[in-house]
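Chains as they are written, first to last, in the working numbering: chain A, 1400 to 1755; chain B, 1400 to 1755.
Hints listed in this document are in silico derivations from the structure and should not be mistaken for laboratory results. A portion of the hints provided could be inaccurate.
Since copy identity is lost for identical chains, a pair holds within one copy or between any two.
[What the hints assert, rightly or not] Listed next, the in silico DMTMM-like pairs over lysine to aspartate or glutamate satisfying Cα-Cα at most 25 Å (straight line):
#1 Lys1507 with Asp1596
#2 Lys1474 with Asp1506
#3 Lys1507 with Glu1566
#4 Lys1744 with Glu1455
#5 Lys1507 with Asp1654
#6 Lys1507 with Glu1555
#7 Lys1522 with Glu1662
#8 Lys1744 with Asp1654
#9 Lys1744 with Asp1435
#10 Lys1522 with Asp1694
#11 Lys1474 with Glu1555
#12 Lys1474 with Glu1571
#13 Lys1522 with Asp1672
#14 Lys1507 with Glu1599
#15 Lys1404 with Glu1662
#16 Lys1522 with Glu1731
#17 Lys1404 with Glu1455
#18 Lys1474 with Glu1662
#19 Lys1474 with Asp1551
#20 Lys1507 with Asp1435
#21 Lys1744 with Glu1699
#22 Lys1474 with Asp1534
#23 Lys1474 with Asp1501
#24 Lys1474 with Glu1699
#25 Lys1404 with Asp1596
Residue-level listing of the chains:
Protein chains: 2
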Amino acid sequence: MLQGKNILVVGTGLIGTSIAQGLINHGLHVVLSDVDPQILGTAITKSGARAWDSSENIDLAIIATPPAVVARIIKELIASQPHAVITDVSSVKGSIFNSLHDVSDSDKSRLVGGHPMAGREVKGPESALGDLFVDRPWVISATEVTSQSAIDLVRELATTLGAVPIERSLIEHDRAVALVSHTPQIVSSVLAGQLRDANESDVELAGQGIRDTTRIASSDPELWSQILSGNALEVAEQVTLIANRLHGVADALRDGDSAFVREVLVQGNAGRDRLPGKHGGAVRISVATVMVRLDDKPGELARLFAVAASANVNLEDVRIDHSLGRMTGLVELAVAMDAQSVLVKALISAEFVVVR
Amino acid sequence: MLQGKNILVVGTGLIGTSIAQGLINHGLHVVLSDVDPQILGTAITKSGARAWDSSENIDLAIIATPPAVVARIIKELIASQPHAVITDVSSVKGSIFNSLHDVSDSDKSRLVGGHPMAGREVKGPESALGDLFVDRPWVISATEVTSQSAIDLVRELATTLGAVPIERSLIEHDRAVALVSHTPQIVSSVLAGQLRDANESDVELAGQGIRDTTRIASSDPELWSQILSGNALEVAEQVTLIANRLHGVADALRDGDSAFVREVLVQGNAGRDRLPGKHGGAVRISVATVMVRLDDKPGELARLFAVAASANVNLEDVRIDHSLGRMTGLVELAVAMDAQSVLVKALISAEFVVVR
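Isolated chain A (complex conformation):
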């Protein structure tokens, strides 16, 4: 039970302060620590938690510092807080927990790896948000000797903040995030890097495709170089596979082997279809798409959503098309298959142009 416990958050950036704020909102007792007094001050104001007096005993410590210093802080807390359950929020697990090989099993039983999969493209305590973790996966990775009570406490931490706890081994975690997060980050950054020295007249023709593919290339280089370095071998392996495959496509293009190129595109279709959610993935069984062409006058988007709402249709997804750096009038709404005809009828009665 978190209630009545003394909870410490070490590292009060976006994630740490968001956790503190969320826990305070649930009436829990939270203290904060950060090496930077100014950042700590902002986090205190923002979250309503107070600064940690290091003579004070802690029941649960959440380490939300950059990945590079997490292992060191875990060791310090193991020594100074002999009864605390200790968890972290890093995007990497193996490299941190491997460097804890000299920790005794009895101390390791208090350690729980954690990774709330939420974030924002802005950073710092001023951007914190108590409900940042709502509906997000919070990966929980125990060591081989972690106690069930320690795991349960971190599960409660996750659910209190509205997240969905998902248990994975340290190795499973690192392999999964290499696949769905770290490798896409590198690929997107390298692809976007090609635009850097391109002619202005070439870049001008950019549409929605390259915009989507390079969105995450805007991520923070400092944080991400730490994350990627912390999962280096797993990511290197996947990036190498992709690089080899791209060389294969380049060779096929030069050799006129369009069957090979086609096969790569077919495999891309199949891979894309594995993503949860849209188009028959794991979470939703079937989603239908309704395309609407909006007139270029103010308020049309509002009217569109109002019609969907009054038809009692729940939108699974909304995507708006872009061109020439502007939003165009083409809006794609994803709804449950059985809601499609209801939505289309409602839109047509409201005189929207539904594209078929």
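The hints should help you fit chain B onto chain A, whose structure is shown.
Leaving out everything else, chain B in the frame of chain A:
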């Protein structure tokens, strides 16, 4: 002047039928041709144009077939229609026009390369849309001997359909689309291909990042293998650069060279910033982002847009965050910098949670 002219569209898929429909909506005279009588029938019903009687003379021919047969059809029309201006809509230019080297200069003066940069993830005449080209770039590429009157006619075609004509040489066109469209397509397909044989438990952790990076991996393999093969050398060159860079990142990760990794991420930031539109690109000088956390109850999205509309704020962009295959409550609105505070005030008075 298009008015009064006899306009032929050859190939009545999505693009050809959309062109026909748009021109018919402007009271122009359009006839259609397609090798597949069933597709032609659908296109006639959909667009209101009629079938071409091949004894009938044509003033403007628009070739909207798959790229692989465009050159052949251009040659046939040069022979059978000695006075027609001839244009196409292919995503590739050099490979088509290079194979026309035996066409006389006087015939070449009637040829204009065209590429309306619009499309949909569905295909066929039944998906056609008369205003598919509104606000889209329509690249116009003349040969070295194309007459000004032929260029002007194709410019008028583009503007009649609401598109923005952009003149580029054949070489410039192919280089630009390799950069902003063809290479991203391959990179996205190869990245998505990695998901194909992944463990379900790994894919389950997918968030918005990989969802965006792999969106275009859903594209049609048949069409895209033709497009890529038609721009093979330019695309192969760019894909090779990316593959080499990825190998460099993989090596740096294995060697623990985090400075190199960081530099690649910094270059990704810089490349991304070159895209027109959002975040200081060419079209809009300054766009601000407002993040709103929506309650999970029906109609909140509608209410959000209604508030933006009644505050007279024009949304430049809307992005909705996803996790666990569901839409989360985090909505990102992009507005002109000077509209930001107006929007925030309006949202707060309407009791929305604006995330700062």
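Can you name, in rising order, the numbers of the hints this structure does not satisfy? As far as the earlier hints go, 1, 4, 5, 8, 9, 14, 15, 18, 20, 22, 24, 25 are violated by this structure, in ascending order.
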